[in-house]
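Chain A is already provided as a structure; the job is to place chain B on it using the hints.
Top to bottom, those sequences are chains A and B. Take the first sequence: its letters are residues 1 to 294, numbered as in the numbering used here. Take the second sequence: its letters are residues 1 to 294, numbered as in the numbering used here.
Where hints are given, some of them may not hold.
Note: identical chains are not told apart, hence a pair may lie in one copy or across any two.
Straight-line C-alpha distance at most 27 Å; calculated DSSO-like pairs for lysine-lysine [as the list claims (entries may be wrong)]:
| no. | residue 1 | residue 2 |
| --- | --- | --- |
| 1 | K183 | K195 |
| 2 | K134 | K293 |
| 3 | K195 | K225 |
In case anyone wonders, no lab produced these hints; they're calculated from the structure.
Letter by letter, the chains look like this.
Number of protein chains: 2
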Amino acid sequence: MTNLIDGRAIAEQIHSETAQRVTALKSRGVQPSLMFVRVGDDPASKVYVGMKEKTAARLGILSETRVLPDSTTESELLALIHKLNADSAVHGILVQAPLPRHISETNIYSTVLPQKDVDGFHPENVGKLMLGDKTGFLPCTPAGVHELLIRSGTKMDGAEVVVLGRGNIVGKPMAAILIQKDKNANATVTVCHSKTRDISAHCRRADILIAALGSPEFVKADMIKPGAVVIDVGVNRISDPAAKGGSRLVGDVDFTAVQKVAGKITPNPGGVGPMTIAMLMQNTVRAAELLAKS
Amino acid sequence: MTNLIDGRAIAEQIHSETAQRVTALKSRGVQPSLMFVRVGDDPASKVYVGMKEKTAARLGILSETRVLPDSTTESELLALIHKLNADSAVHGILVQAPLPRHISETNIYSTVLPQKDVDGFHPENVGKLMLGDKTGFLPCTPAGVHELLIRSGTKMDGAEVVVLGRGNIVGKPMAAILIQKDKNANATVTVCHSKTRDISAHCRRADILIAALGSPEFVKADMIKPGAVVIDVGVNRISDPAAKGGSRLVGDVDFTAVQKVAGKITPNPGGVGPMTIAMLMQNTVRAAELLAKS
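The following block holds chain A by itself, in its conformation from the complex:
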């Protein structure tokens, strides 16, 4: 079928734009750089940071990863962030979630200098997003979904959008992006979540459905308006005795069935995931550009 929104291909378009910006910065003597901070031994975190490191290297962005033990205290981590904030050679700082329980993610994210907050998690950047102030950094996953919609030619102006999930990383900022006064937004957005009375009814009226609930294959074919655009942000590990290691990853959308009804749909993997990394690289280069200008 040809109704796939190819996140890998669109991410590659963005990567090539980003690589050009890296080249331009280097010709002016600026080496864009991104610092990863990873605490503890979470295997998924290792994989994510590894993928981001590889992409950074491919685009000419210098990256380095500080790995701290699980026993790191909050004040030790804060001290490291203050040091990175002060280091003018570091343009972007990414503290990989999840952090150990004894460390407050809120405290950590609000300590990263907003100008280096390439994850877009600092309250000031979140506030700027909501206010429509474009001087901030957008969180990578919702910004990536937005780019997918733009570059797949999806009309957002006046569209009915339903966002499933109200998390701080995807659901809330996704809604904030799409209600802005902008021809690539201007959508009528409804945010649904675990307390919503009739999620299916909302889904069925959506021109664009964005699933970020964290619930395996929650979105079924009978919840889709024929022709709707369906974006699957979910990454859920489910047990499957037939799979290697006894488990496999699935999205929030029952892909095979939904694909038959949807106008366009993201595969998963190969949809939103590559876009998150593309936006992170774009944010990093922009941080370097802004610092070079100032």
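Leaving out everything else, chain B in the frame of chain A:
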């Protein structure tokens, strides 16, 4: 009819709580204080600031108003704000909108120290609101609407809420308050605006309808689900030859007709307006309490 949500009475409840907190602060030697800054001669601004001054005085909050000429430059205004930020006797700073065109409201609001931003307009406070981080200050009008809903016994948990308007002062923060994970929120929220395809259809499915469009008597009786709670945030001046001065103020809701269909409804005036001032006073006392603690 008895389906009115009496904003004046609820504001008085809050005022008496605030006055008690003022007394407690004074007994510890802290005089809560609020500084108003007004630029130019906008007559509505004079009225608004005057009302806020009077309420502050009644509650025992010290207030002062700095009136600057229309010709004030942005850097002069910024210099004043920096001075007030540094003055430990000033707990709250309110720069009354609208500002003259040559001054960027964005620059001004983001210069007020977040800890003194009792208007809740600083990006950091807006971001904290969105993230569900309760250490920030909420913007007064949507916080006042939220209090009206709570104190009128309106069930928000699981309710379908439609917010008309996507402004930075009411619509967007209102939606952000009501989608939070909280028993006094947990609503399924849709934000409608000028680009929405069928506003009436959305309104008709709302358990709670919050009108903040700035469009005189836009909401008609046939747009209301019988029994719905209707909150009118609008303040619009319309010409009326029969009225004193040739004009009068109306809300965004066609009150007389809508009241017959609604379960509960705010009068206008006497609904949201008094609550905005009540929340401003509450924010100011909280700012003083937080500074006293630190």
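Quick rundown of the hints versus the structure:
1. In the homo-oligomer, the alpha carbons of K183 and K195 lie at most 27 Å apart only across protomers (10 Å), although the nearest pairing inside one protomer, at 31 Å, exceeds that limit.
2. Proximity of K134 to K293 under the C-alpha cut-off of 27 Å is restricted to the intra-copy arrangement: shortest distance 16 Å within a copy versus 35 Å between copies.
3. For a Cα distance limit of 27 Å, the shortest separation of K195 from K225 qualifies both inside one copy, at 22 Å, and across copies, at 21 Å.
Comparing the model with each earlier hint shows no violations; every hint is respected.
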